[in-house]
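Fit chain B to the known structure of chain A by using the hints.
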Amino acid sequence: MTKFKPGLVTAHLLTWLLLIVVIAPLLVVILGAFLNVSFLGLASEQWAARKGDGIFNHGWFAYVFHLYGSNILFSLLLAGLSVVIGAAISLPGAYILATCRWRGLRIFEEVVLLPLSIPGIAMSIGLIEAYITFRGQWWLILCGHILYTVPLMTRVLTNSLRSFDIARLELVAQSLGAGWWHRFVFVVVPNLRHSLIVGSLLVFAVSWGEFNVSYLLNTPLHQTYPAALYATFTANSFQVSSAATTIFLALIIPILFALQWLGGDEFTHVEQSA
Amino acid sequence: MLETIGLRKSYGSQLAVDDFSHRFAPGKITTILGPSGSGKSTVLGMIAGLLQPDRGRVELGGRDLTSISPERRDFGMVFQHYALFPHLNVQQNVEFGLRVRRLTRKRRAERARETLQMIRIEHLADRRIREISGGEQQRVALARAIAIRPKVLLMDEPLSALDARLREELRSELLRLLRDLAITTIYVTHDQIEAMTLGHEMIILNHGQVEQAGPPDELYLRPASLFVANFLGDSNVFAAESEEVSERLRLPFATINLQPNGHNSSPNEHSSRCWAMIRPESMELVPEGEADFAATVESATFLGNRLRLQLRAAGEKVIVDVENRCAVSPSAPVYVKVKGAEVATWPR
Numbered sequence: 000m001t002k003f004k005p006g007l008v009t010a011h012l013l014t015w016l017l018l019i020v021v022i023a024p025l026l027v028v029i030l031g032a033f034l035n036v037s038f039l040g041l042a043s044e045q046w047a048a049r050k051g052d053g054i055f056n057h058g059w060f061a062y063v064f065h066l067y068g069s070n071i072l073f074s075l076l077l078a079g080l081s082v083v084i085g086a087a088i089s090l091p092g093a094y095i096l097a098t099c100r101w102r103g104l105r106i107f108e109e110v111v112l113l114p115l116s117i118p119g120i121a122m123s124i125g126l127i128e129a130y131i132t133f134r135g136q137w138w139l140i141l142c143g144h145i146l147y148t149v150p151l152m153t154r155v156l157t158n159s160l161r162s163f164d165i166a167r168l169e170l171v172a173q174s175l176g177a178g179w180w181h182r183f184v185f186v187v188v189p190n191l192r193h194s195l196i197v198g199s200l201l202v203f204a205v206s207w208g209e210f211n212v213s214y215l216l217n218t219p220l221h222q223t224y225p226a227a228l229y230a231t232f233t234a235n236s237f238q239v240s241s242a243a244t245t246i247f248l249a250l251i252i253p254i255l256f257a258l259q260w261l262g263g264d265e266f267t268h269v270e271q272s273a
Numbered sequence: 000m001l002e003t004i005g006l007r008k009s010y011g012s013q014l015a016v017d018d019f020s021h022r023f024a025p026g027k028i029t030t031i032l033g034p035s036g037s038g039k040s041t042v043l044g045m046i047a048g049l050l051q052p053d054r055g056r057v058e059l060g061g062r063d064l065t066s067i068s069p070e071r072r073d074f075g076m077v078f079q080h081y082a083l084f085p086h087l088n089v090q091q092n093v094e095f096g097l098r099v100r101r102l103t104r105k106r107r108a109e110r111a112r113e114t115l116q117m118i119r120i121e122h123l124a125d126r127r128i129r130e131i132s133g134g135e136q137q138r139v140a141l142a143r144a145i146a147i148r149p150k151v152l153l154m155d156e157p158l159s160a161l162d163a164r165l166r167e168e169l170r171s172e173l174l175r176l177l178r179d180l181a182i183t184t185i186y187v188t189h190d191q192i193e194a195m196t197l198g199h200e201m202i203i204l205n206h207g208q209v210e211q212a213g214p215p216d217e218l219y220l221r222p223a224s225l226f227v228a229n230f231l232g233d234s235n236v237f238a239a240e241s242e243e244v245s246e247r248l249r250l251p252f253a254t255i256n257l258q259p260n261g262h263n264s265s266p267n268e269h270s271s272r273c274w275a276m277i278r279p280e281s282m283e284l285v286p287e288g289e290a291d292f293a294a295t296v297e298s299a300t301f302l303g304n305r306l307r308l309q310l311r312a313a314g315e316k317v318i319v320d321v322e323n324r325c326a327v328s329p330s331a332p333v334y335v336k337v338k339g340a341e342v343a344t345w346p347r
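As given, the protein sequences belong to chains A and B, one line each in that order.
All letters in the first sequence, in the order written, are residues 0 to 273 by numbering that gives the first Met the number 0.
All letters in the second sequence, in the order written, are residues 0 to 347 by numbering that gives the first Met the number 0.
So here's chain A without its partners, still in its complex pose (with noise of 0.2 angstroms):
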């Protein structure tokens, strides 16, 4: 017979516990975003719904996507080019950083990380300054976006490609025949595939969701979905603010799985080093 052991149910309860006051504010969001009562907060928009009386109702989602669709489109677009364009960076800039042995590469490996710990309002504020001529244009906002989203995508390849010593593959290739871009393409990159999906998924993600750069840089014809979702939330009724949340959080929340499934050694690595 199994022994009753106190200590582990009261750790059970806590962790338990914990979960419920994690998980709590996100449900009840979800909840506001399908369900049709009035007490979840002043349903001015109820006619948006399309669907009176009933407790469930999906009629909020259309009604998001009707009011915010080319801001989800427009995330959905500076989140595919900070993929696309970051990586075109960090790899090569990664391969620089795991085979050079030069005494400034340290320095030069902090300079990269730095835009990590700079606050997003200082960074859009320097970039107001430095492209004052561009402010408005929507790419000075996909700027800022890369500048945060580079130095993860570096670190999570640079980790990679030290942690399986690509100067000793690339020597064995080089001795086998292959010249530098046979080497780049037929061993390194092949090597960092599982690094650049998961590099990609947490450049998407932070994307996806990064709000002080793309506030503070958004104009009335570029505005990014989190940057909505503020506005939603100051504007719109409690269940349209869900159903906006609810749209942000169907995307985030598989990515952060795919992470976890996907082995988060580099990711670990990047938290860290964060």
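Read the hints as simulated data drawn from the structure, not as lab findings.
Note that beta-carbon positions come from the ideal geometry of N, C-alpha and C, so glycine has one too.
Among these hints, one or two may not hold up.
[Unchecked claim] Over the 10 angstroms line for every Cβ pair with chain A, so calculated as not near, a few chain B residues:
1) Gly134
2) Leu169
3) Tyr219
[As the list claims (entries may be wrong)] SDA-like cross-link-like pairs, simulated, lysine to any residue; straight-line CA separation at most 25 angstroms:
4) B:Lys338 <-> B:Phe301
5) B:Lys336 <-> B:Val321
6) A:Lys2 <-> A:Thr14
7) B:Lys150 <-> A:Trp179
8) B:Lys150 <-> B:Arg175
9) B:Lys27 <-> B:Met0
10) B:Lys338 <-> B:Gln309
11) B:Lys150 <-> A:Thr14
12) B:Lys338 <-> B:Gly303
13) B:Lys150 <-> A:Leu168
14) B:Lys336 <-> B:Phe301
15) B:Lys105 <-> A:Arg167
16) B:Lys150 <-> A:His181
17) B:Lys336 <-> B:Arg249
18) B:Lys105 <-> B:Gln91
19) B:Lys338 <-> B:Gly314
20) B:Lys27 <-> B:Leu50
21) B:Lys150 <-> A:Trp180
22) B:Lys105 <-> A:Trp180
23) B:Lys27 <-> B:Arg71
24) B:Lys150 <-> B:Arg104
25) B:Lys27 <-> B:Gly213
26) B:Lys105 <-> A:Thr14
27) B:Lys150 <-> A:Gly178
28) B:Lys316 <-> B:Glu240
29) B:Lys150 <-> B:Ile67
30) B:Lys316 <-> B:Phe301
31) B:Lys105 <-> A:Val184
32) B:Lys150 <-> B:Pro214
33) B:Lys105 <-> B:His80
34) B:Lys316 <-> B:Leu225
35) B:Lys150 <-> B:Arg129
36) B:Lys150 <-> A:Arg167
37) B:Lys338 <-> B:Arg311
38) B:Lys105 <-> A:Pro189
39) B:Lys150 <-> B:Arg249
40) B:Lys338 <-> B:Arg305
Quick look at chain B alone, frame taken from chain A:
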């Protein structure tokens, strides 16, 4: 023929290799042996083109390769740590060099299968690298290097990461394979047995310089210097005096007949003082009447196939290897005869 002419390489103020010149016999295995830091791997790196010499040349068939990049030299290389490509399976690893050489898919597969069969690991063709053992990984690394049919095969301590039993097993396989293939091979090792077993020729390096080069038996029996004598195998080295007229050698504890047969070089013209080297197996225990000297047993160590005796003769320590069933007891007196023909001497 591969030839190195006056290769020199230093790292900062430290000289790693100095004036390394050698002609490597075509189709033969040359082993480079030396203690840690003697410059073995640096020599190999310069021959491979992975390191640029400060001075000197590497030539193949009269063509200067010194400024040619490693990938254009057509040399195969096997490293100590296998360094197999983790994203490829066994067959794809073997095909790598062939793919770089733009062989068709069919030719690549044929050549890879053929090479895997030669090394007797064709059953591993579809395995992932992480699914095979260390010994198998080293076989794959060898297959990968020879699949490209290199003009020269360079091996940098390929067995040193393996355990003793596996090392021995792979050594005999390598011997069979390398001698069958008849590729000019340069094999760097710090293991004397490996160097002597595999090499048609051996080069002994010390402080970046060649101490002696030649067939393994010659280096063992006729070491050109005290360093080679001490480094290669076990030896007893004594300060001695030679009696040129009578061809006798006066050791600190005995006088023996030298029986010159080429193993011993003639002492200095102006002096008869010399160093004498006697291998432990060049002495035997005999009855008192036939002995060159008497000694006392200090210890006896069982080495499996032989018994190693540590003797004391007139205050000098003498190591003698005898049959493993030989019955001796500590502090007992023994009588020793030196096989005069196997004594090597150098001027002192």
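Tested hints:
{"no.": "1", "hint": "Gly134", "in the structure": "holds (18 angstroms)"}
{"no.": "2", "hint": "Leu169", "in the structure": "holds (19 angstroms)"}
{"no.": "3", "hint": "Tyr219", "in the structure": "holds (32 angstroms)"}
{"no.": "4", "hint": "B:Lys338 <-> B:Phe301", "in the structure": "holds (23 angstroms)"}
{"no.": "5", "hint": "B:Lys336 <-> B:Val321", "in the structure": "holds (12 angstroms)"}
{"no.": "6", "hint": "A:Lys2 <-> A:Thr14", "in the structure": "holds (21 angstroms)"}
{"no.": "7", "hint": "B:Lys150 <-> A:Trp179", "in the structure": "holds (22 angstroms)"}
{"no.": "8", "hint": "B:Lys150 <-> B:Arg175", "in the structure": "holds (19 angstroms)"}
{"no.": "9", "hint": "B:Lys27 <-> B:Met0", "in the structure": "holds (11 angstroms)"}
{"no.": "10", "hint": "B:Lys338 <-> B:Gln309", "in the structure": "holds (18 angstroms)"}
{"no.": "11", "hint": "B:Lys150 <-> A:Thr14", "in the structure": "violated (66 angstroms)"}
{"no.": "12", "hint": "B:Lys338 <-> B:Gly303", "in the structure": "holds (23 angstroms)"}
{"no.": "13", "hint": "B:Lys150 <-> A:Leu168", "in the structure": "holds (22 angstroms)"}
{"no.": "14", "hint": "B:Lys336 <-> B:Phe301", "in the structure": "holds (21 angstroms)"}
{"no.": "15", "hint": "B:Lys105 <-> A:Arg167", "in the structure": "violated (29 angstroms)"}
{"no.": "16", "hint": "B:Lys150 <-> A:His181", "in the structure": "holds (21 angstroms)"}
{"no.": "17", "hint": "B:Lys336 <-> B:Arg249", "in the structure": "holds (14 angstroms)"}
{"no.": "18", "hint": "B:Lys105 <-> B:Gln91", "in the structure": "holds (13 angstroms)"}
{"no.": "19", "hint": "B:Lys338 <-> B:Gly314", "in the structure": "holds (21 angstroms)"}
{"no.": "20", "hint": "B:Lys27 <-> B:Leu50", "in the structure": "holds (24 angstroms)"}
{"no.": "21", "hint": "B:Lys150 <-> A:Trp180", "in the structure": "holds (24 angstroms)"}
{"no.": "22", "hint": "B:Lys105 <-> A:Trp180", "in the structure": "holds (24 angstroms)"}
{"no.": "23", "hint": "B:Lys27 <-> B:Arg71", "in the structure": "holds (22 angstroms)"}
{"no.": "24", "hint": "B:Lys150 <-> B:Arg104", "in the structure": "holds (23 angstroms)"}
{"no.": "25", "hint": "B:Lys27 <-> B:Gly213", "in the structure": "holds (12 angstroms)"}
{"no.": "26", "hint": "B:Lys105 <-> A:Thr14", "in the structure": "violated (59 angstroms)"}
{"no.": "27", "hint": "B:Lys150 <-> A:Gly178", "in the structure": "holds (18 angstroms)"}
{"no.": "28", "hint": "B:Lys316 <-> B:Glu240", "in the structure": "holds (18 angstroms)"}
{"no.": "29", "hint": "B:Lys150 <-> B:Ile67", "in the structure": "holds (15 angstroms)"}
{"no.": "30", "hint": "B:Lys316 <-> B:Phe301", "in the structure": "holds (18 angstroms)"}
{"no.": "31", "hint": "B:Lys105 <-> A:Val184", "in the structure": "holds (22 angstroms)"}
{"no.": "32", "hint": "B:Lys150 <-> B:Pro214", "in the structure": "holds (22 angstroms)"}
{"no.": "33", "hint": "B:Lys105 <-> B:His80", "in the structure": "violated (30 angstroms)"}
{"no.": "34", "hint": "B:Lys316 <-> B:Leu225", "in the structure": "holds (17 angstroms)"}
{"no.": "35", "hint": "B:Lys150 <-> B:Arg129", "in the structure": "violated (30 angstroms)"}
{"no.": "36", "hint": "B:Lys150 <-> A:Arg167", "in the structure": "holds (22 angstroms)"}
{"no.": "37", "hint": "B:Lys338 <-> B:Arg311", "in the structure": "holds (18 angstroms)"}
{"no.": "38", "hint": "B:Lys105 <-> A:Pro189", "in the structure": "holds (23 angstroms)"}
{"no.": "39", "hint": "B:Lys150 <-> B:Arg249", "in the structure": "violated (51 angstroms)"}
{"no.": "40", "hint": "B:Lys338 <-> B:Arg305", "in the structure": "holds (18 angstroms)"}
In this structure, the earlier hints numbered 11, 15, 26, 33, 35 and 39 are contradicted, and the remaining ones agree with it.
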